[in-house]
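Undergrad: All residue numbers for the sequence shown refer to my numbering, where the first residue is 87 and numbers rise by one.
Everything labelled a hint here was simulated from the structure, so no lab data went into it.
Hints are supplied without guarantee of correctness; some may be wrong.
Here are the simulated SDA-like pairs of lysine to any residue, each with C-alpha atoms no more than 20 Å apart in a straight line [unchecked claim]:
no.: 1; residue 1: K122; residue 2: S136
no.: 2; residue 1: K135; residue 2: L146
no.: 3; residue 1: K149; residue 2: I137
no.: 4; residue 1: K125; residue 2: S136
no.: 5; residue 1: K126; residue 2: E143
no.: 6; residue 1: K139; residue 2: P154
Predicted model, so just to flag it, every value in this text is computed and none were measured.
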Amino acid sequence: MAEKNTMKEKDAVQESAPENKPEKKADAKAEKKPAKKEKKPNWFVRTGKSIGKWLHELRLELKKVIWPTGKEVLHNTLVVIACVLVVGVCIWVFDWLSAAIVRALIDLFA
87 MAEKNTMKEK
97 DAVQESAPEN
107 KPEKKADAKA
117 EKKPAKKEKK
127 PNWFVRTGKS
137 IGKWLHELRL
147 ELKKVIWPTG
157 KEVLHNTLVV
167 IACVLVVGVC
177 IWVFDWLSAA
187 IVRALIDLFA
C-alpha cells in the first residue's frame, strides 16, 4: 500500500512539473539583465581593512595564549643559563684537549 502512495506522489509531481517550467524561464530572462557593477574601493581602503582585520585576529589569538608566571620565567631562564654554561665548558675542554694534542704532534715531528 505504501508503494501505491509513493507512485501517486510521483505522478502528482510529474504532472505539476511542466507547469513550473515556464515560470522559471520568465524568471531566468529577468535575471539575465546585467546588474550594475559596484565600484571597488581604492587600494588604501582595502589595505586598511585587511590590516585592521589582521590586527583584530592577532589580538584574539593572543588572548588564547597561556602566559607564564614570573616564577616560571625565572626558573626557565636559570635552566637556560645553566645549559649554556655546561655546553660552554664542554666546548672549552674539547678545544683545550685538541690544542694540546696538536701541540704534542708538532713537537714530536718537528
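Undergrad: Mind checking the alpha carbons of K139 and P154 for me, to see if they're no more than 20 Å apart?
TA: The given pair, whose Cα atoms are some 27 Å apart, is violated under the 20 Å limit.
Undergrad: Is K149 within 20 Å of I137, Cα to Cα?
TA: Since the Cα atoms of K149 and I137 sit roughly 19 Å apart, the hinted pair holds (cutoff 20 Å).
Undergrad: Compare the distance between the alpha carbons of K135 and L146 with 20 Å, and conclude whether the hinted pair is satisfied.
TA: 17 Å, holds
Undergrad: Take the C-alpha atoms of K125 and S136, compute the straight-line distance between them, and say whether it is at most 20 Å.
TA: 18 Å, holds
Undergrad: Next pair to validate is K122 with S136; report whether the Cα-Cα distance is within 20 Å.
TA: Outside the cut-off at roughly 25 Å; violated.
Undergrad: With a cut-off of 20 Å on the C-alpha distance, tell me whether K126 and E143 pass.
TA: The given pair, whose Cα atoms are some 24 Å apart, is violated under the 20 Å limit.
In the structure shown, a violation is registered for the earlier hints numbered 1, 5 and 6, in ascending order.
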